[in-house]
Every structure is written in C-alpha cells, then in structure tokens.
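Chemist: Residues per chain are reported as follows:
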Amino acid sequence: EPEVTQTPSHQVTQMGQEVILRCVPISNHLYFYWYRQILGQKVEFLVSFYNNEISEKSEIFDDQFSVERPDGSNFTLKIRSTKLEDSAMYFCATSLWNEQFFGPGTRLTVL
Amino acid sequence: AQTVTQSQPEMSVQEAETVTLSCTYDTSENNYYLFWYKQPPSRQMILVIRQEAYKQQNAMENRFSVNFQKAAKSFSLKISDSQLGDTAMYFCAFMIKGGSEKLVFGKGTKLTVNP
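Same order as they appear, the protein sequences are chains G and H.
In my numbering, each residue's number is its place in the first sequence (first place is 1) plus 366.
Note that my numbering numbers the second sequence so that position 86 is 66, with each residue one more than the last.
Think of the hints as simulated: they come from the structure by calculation, not from any bench.
Just so you know, even glycine gets a beta-carbon here, dropped at the ideal spot from N, CA and C.
Careful: at least some of the hints might be erroneous.
[Stated by the list, open to error] Okay, derived cross-link-like pairs now, BS3-like style, lysine-lysine, Cα gap no bigger than 27 Å in a straight line:
#, chain 1, residue 1, chain 2, residue 2
1, H, LYS58, G, LYS444
2, G, LYS423, H, LYS58
3, H, LYS87, G, LYS449
4, H, LYS87, G, LYS408
5, G, LYS408, H, LYS90
6, G, LYS423, H, LYS87
7, G, LYS423, H, LYS77
[To be verified] Simulated restraints on C-beta separations:
#, chain 1, residue 1, chain 2, residue 2, range
8, G, THR475, H, LYS35, 40 to 46 Å
9, H, ASN94, G, VAL390, 35 to 41 Å
10, G, GLU465, H, THR7, 18 to 24 Å
11, G, ASN394, H, GLN49, 33 to 39 Å
12, H, ASN11, G, LEU396, 37 to 43 Å
13, G, ILE404, H, THR7, 20 to 26 Å
14, G, ASN417, H, ASN94, 46 to 52 Å
15, H, LYS53, G, GLU465, 36 to 42 Å
16, G, SER393, H, ASP6, 33 to 39 Å
17, H, TYR34, G, SER424, 39 to 45 Å
Next comes chain G alone, as it looks inside the complex (with noise of 0.2 Å):
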C-alpha cells in the first residue's frame, strides 16, 4: 500500500539554524500540507500547497517558514532561523480526493 515518507524521524538543531523537513508524498497526490503538533496539544494546520504554489497559510507560517517542491517528488518545509517554540512534530500529509495520508511525522527539537 502506497505511503507519504518523512525524513528525517526526528531533528535536533540549536535556536536560530535553519533546517529542512522532506516530504515523499504519494505518488498520484496533487494536494499537500504540513501540521504541526507541540507535545500533548493538538494538530494545527500549517501550509498547503497544490499546483506548485501555497493554496492557503495558517497564522503560524509567518516569514521564517517556506515550502517547496523543487524536484516534483519532494515537499519540503524549511524553517530559516528556529525558535524553541517551533519544538514540535511535524506531519505531512497528501491527498488526491479530500482524505490526507499523514506521514509518520518528524520531531523537531530545537535546543
């Protein structure tokens, strides 16, 4: 059964580095999000992304977030300079028609 990947399965990285979360969606998906969830609350939509460009933001995705998929396989999310607050987990998720497979998620941990 075909499923969204997500590298890497967990991150650590120092207040104010930028880094790159990867995105493998399914492979005849055309709709693309990135959730985020802080420890013991809930998820909270981030971005989605559907025909090469941002369908809709969140008030969370402020300046310091990006998405891309550069090489039409990859979604990415980066995160030019993190915060503390940006500890989380993040999902991708990718649908065809209206049902999003989440990937197993990536745990960020910014120190």
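Given the structure of chain G, go ahead and fit chain H onto it with the hints provided.
Modeler: Then chain H, alone, in the frame of chain G:
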C-alpha cells in the same frame, strides 16, 4: 472560522466493551467532511472513519461507527468490542469541501482500553 470541540480529554473502557467519543463542530458551511483520526503512542496519524455532510447515513468501518447529527453539529465515534490496540488519542477533524481543504482538528480524547 470553523471550530471543533472534543469535551472529553480522557476516557477509559474495559476490553470488549463499547465506548462513545464526543465531537461537536461549528460552521456556517453546508458542504464539508468530518473525520476521526487515531494517534497511537507512535504518534502516527491514522484515519479511522470519514463522513460526508450531505450523506444522511452514518458511516461504519468494522467496529467503528459514527452518529452524525447535522442539525446539532455533532459527530460522535462509537467503538464496539474495544481492543487493547484501540488505546490511543482520537482526534475529530473537519474539512470544508473546496478551497485548500485543510483539516481543522479538535484537542483530542485520550482513550485507554483496560484488560
């Protein structure tokens, strides 16, 4: 703005018993989807069941069924014959049809199935 409310932070049930998790939502939209996701300790998000708002018939997937009350904006999840592997966080989620189709999640209910 759409909101999803799960009023039960934690619940427990005995193995083989039935449990119902509550969810209410608020929207002025008429065309939307509702979902229940399971998040076990591994933190993987797993789709349990989905409901399309225009369908009056309640969705069912094996031991999982929903009670969808559109007028009351209620979407509860019933788990029958609970198994130890059902122990997880359960998140109710809402999606407006069309547009970006982002998911809006509730805060979750932690379900523990006791042997």
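Chemist: For every hint, state whether the structure bears it out.
Modeler: Hints, verified against the model:
Straight-line distance between C-alpha atoms of LYS58 (chain H) and LYS444 (chain G) comes to about 39 Å, which puts the hinted pair past the 27 Å bound. Between the alpha carbons of LYS423 (chain G) and LYS58 (chain H) the distance comes to roughly 33 Å, so the proposed pair goes past 27 Å and is violated. Only pairs whose Cα atoms come within 27 Å are accepted, and LYS87 (chain H) paired with LYS449 (chain G) is accepted, the gap being roughly 24 Å. The hinted pair formed by LYS87 (chain H) and LYS408 (chain G) meets the criterion: a straight-line CA distance of about 5 Å does not exceed 27 Å.
Between the alpha carbons of LYS408 (chain G) and LYS90 (chain H) the distance comes to roughly 12 Å, so the proposed pair stays at or under 27 Å and holds. Taking the CA atoms of LYS423 (chain G) and LYS87 (chain H), the gap is about 20 Å. The hint holds against a cut of 27 Å. For a cut-off of 27 Å, the pair hint linking LYS423 (chain G) to LYS77 (chain H) stands: about 17 Å separates their Cα positions. Between THR475 (chain G) and LYS35 (chain H) the CB atoms are about 42 Å apart, so this pair conforms to the stated range of 40 to 46 Å.
Look at ASN94 (chain H) against VAL390 (chain G): about 38 Å separates their beta carbons, and that is inside 35 to 41 Å. Distance hint check for GLU465 (chain G) and THR7 (chain H): the Cβ-Cβ separation is about 19 Å, which falls inside the suggested range of 18 to 24 Å. The hinted window of 33 to 39 Å between ASN394 (chain G) and GLN49 (chain H) holds, with their beta carbons roughly 35 Å apart. Checked against the hint of 37 to 43 Å, the C-beta distance between ASN11 (chain H) and LEU396 (chain G) comes to roughly 20 Å, which is inconsistent with it.
The hinted range of 20 to 26 Å is satisfied by ILE404 (chain G) and THR7 (chain H), whose Cβ atoms lie roughly 25 Å apart. For ASN417 (chain G) paired with ASN94 (chain H), a C-beta distance near 48 Å keeps the hint of 46 to 52 Å intact. Against the hinted window of 36 to 42 Å, the Cβ-Cβ separation of LYS53 (chain H) and GLU465 (chain G) comes to about 22 Å, which falls outside the hint. For the pair SER393 (chain G) and ASP6 (chain H), the supplied restraint of 33 to 39 Å holds, since their beta-carbon distance comes to about 36 Å.
Checked against the hint of 39 to 45 Å, the C-beta distance between TYR34 (chain H) and SER424 (chain G) comes to roughly 27 Å, which is inconsistent with it.
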